[in-house]
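Make the full structure from the sequences, and use the hints.
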Amino acid sequence: MRKKTIKSTKIFSQEYYSIDPKSLGQLANLKKIIDMSKQDSIGLKARFFRPYCVAYLNQVLWTINEKRKVKVFSIDSNLNSYLKQSGFEFLSQEAQFGELFPQENIITIRRFKDAKDLDSKVIKWLENIVYKFIPNCSQQLRKKIVQSLWEILNNGFTHGKSKYGISSCGQYYPKKKYFEIAFYDSGYGLANRVWDYKSGKLELLNDSDCIEWAAQKGNSTLQNPDAGLGLFLLREFLKVNQGAFQIIAGKGYFGNMEEEIDIKHTLRNSIDGTLVNIRVNISENIIYKLKGEENENY
Amino acid sequence: MKTISVVSLLGTTALLTAEKGIELFEKIIELLKAHHESSPPLEKFILNFEGYEYVSSTFMNRSFGRLCVDKDWTVAKMKQHFFIENLIEDDMEDLELSILNARERSKLLAKGIDLRKHYASVYNY
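Protein sequence lines, in the order shown, are assigned to chains A and B. Residue numbers are given in the numbering used here: position 231 of the first sequence equals residue 231, and the series is strictly consecutive. Position in the second sequence (from 1) plus 1000 gives the number in the numbering used here.
Hint data in this document are derived by calculation from the structure and do not stem from the laboratory. Do not take every clue at face value.
[Stated by the list, open to error] Below, computed lysine-lysine pairings styled on DSS-like, alpha-carbon distance capped at 27 Å: (1) Lys143(A) <-> Lys1079(B); (2) Lys1027(B) <-> Lys121(A); (3) Lys1044(B) <-> Lys217(A); (4) Lys1071(B) <-> Lys143(A); (5) Lys1107(B) <-> Lys217(A); (6) Lys22(A) <-> Lys176(A); (7) Lys116(A) <-> Lys1027(B); (8) Lys1077(B) <-> Lys217(A).
Below you can see the structure in the form of C-alpha cells.
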C-alpha cells in the first residue's frame, strides 16, 4: 500500500490573476480545487493577485474552514508577503516570505460580519483606512466616494445575506494613479436574486444580463417603489471619474474597463455570492468637481 | 419659521441607512400634519441639512422618495410645503432623482403593471 506522505498539493493554475473574465473563471475553479482537496495546506502556483482575489479567497476559506481546517500559500514568496501584509487569515505555515510591499499602499482585509451599526462601522473604516487613498479632489467629492462604497456594502447585506458577512480588500497603485477596492460576499448572489424576482418573465438570457439589469436606474429586486438607484449612481460616478467597476455573480461578469463600456461575459466557472470590484482614478489630469463647486479651486 | 436640523433630529452626520430615512419621513409627516391641523395654518418649515457629512440613495429613497409617493407629490409640489436648506447641489439632484424614480415605479404599480414584466428588458431608459 502506498504511504501517503504528501503534506501539501501544488496546484497548477494560472499565475497572474487580473480582473478579466478568464482570471475570474480560474479563481472560481481554485475554490473548487481547494474544496475537493484533502490536504490541510495547499500550495498555489500564483505569482500575482489583485485585491479582489484576496477578498474572495479569504471569505471562501472561511466557508471551507467551517467543515475542515485548510490553509494556503503561494510558491511565490513575494505573494506570500503580500497576503500576510493584506491581513489574509488563512496563510499556511509553509509560506515562505520575500520582499515586502509598501504597507501604506495596502488596504488590508476587513470583514464586515453583520449589518449591525453598519453605517458607523463603515464610516470609521472608510475615514481611518480608505480615505487616504481617495483622489486629490474636493472634500465634497471625497464624500461621494465614501457614499458609493457604503452603497456597495449596504447592497451586499440587504441582498446577499451571507453568513460570513462581506470581505473587502484594496490596493493603491501610485504609479498607475488609481486605487482598487473589492467587496465579496458568499451569499445568495445578485444574479440569483434577479432570476428569482423575474420568475422567468423576462428577456434576460444569462447571469451577466441579470447583473446589467440590476445596475440600471430604477431596477431593484425590492418590491417597494422607493428603491433602485444605488448601483446606478455608483456607475455614474465611476464614469465621470474614468474609473472602472466589475460585478461578478454566478457565471455573470458585467462591468467596464478603460475604454470598454458595459461589457458582459459568461465565466467558465461559477462564483458563489457577489464580487464587486471598483477602480477609482486619482490622476491629477482628471480634475472634476461636483455641481456647485465650479468656482472653487483645488 | 420652524427649522428642523436633520443632523440633530437623527443624531448623526451620516445620513445613510434606510432606518434613518424612515425616521426623517415620519418626522416630516408629523410636521405636515401639525401644519395642516393648526389654525391659523403654520408657516412652512425648513429642513436644514447643515453639518451632514454623507447621504445615500437609500436614505433619500426612504425619506423623500416615499414621502412623494405617499402624497403623490412632484418635486415642485413638495417644495410648496417645506424648504430644504444646506444640501449641496449634487445631493439635491440625487434627492430629486429618488423622488422621480419612486414616483415612476409607484405609478406602474398603481396601474397594475407587473414591474418584473415592465422592466423585462435590460435597457429601460
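Going through the hints against the structure:
1. For a cut-off of 27 Å, the pair hint linking Lys143(A) to Lys1079(B) stands: about 26 Å separates their Cα positions.
2. Between the alpha carbons of Lys1027(B) and Lys121(A) the distance comes to roughly 26 Å, so the proposed pair stays at or under 27 Å and holds.
3. With a C-alpha separation of about 32 Å, the suggested pair Lys1044(B) and Lys217(A) falls outside the 27 Å cut-off, and the hint is violated.
4. Among the hinted pairs, Lys1071(B) with Lys143(A) is inconsistent with the structure: their alpha-carbon atoms are about 31 Å apart, more than 27 Å.
5. Distance check on the hinted pair: Lys1107(B) and Lys217(A) sit about 16 Å apart at the alpha-carbon level, within 27 Å; holds.
6. For the hint pairing Lys22(A) with Lys176(A), the CA-to-CA distance comes to about 23 Å; that is within 27 Å, so the pair holds.
7. Simply put, Lys116(A) and Lys1027(B) have alpha-carbon atoms about 23 Å apart, close enough for the 27 Å limit, and the pair holds.
8. Of the supplied pair hints, the one linking Lys1077(B) and Lys217(A) holds, its CA atoms being roughly 23 Å apart against a limit of 27 Å.
Hint compliance for this structure: hints 3, 4 are broken, all remaining hints hold.
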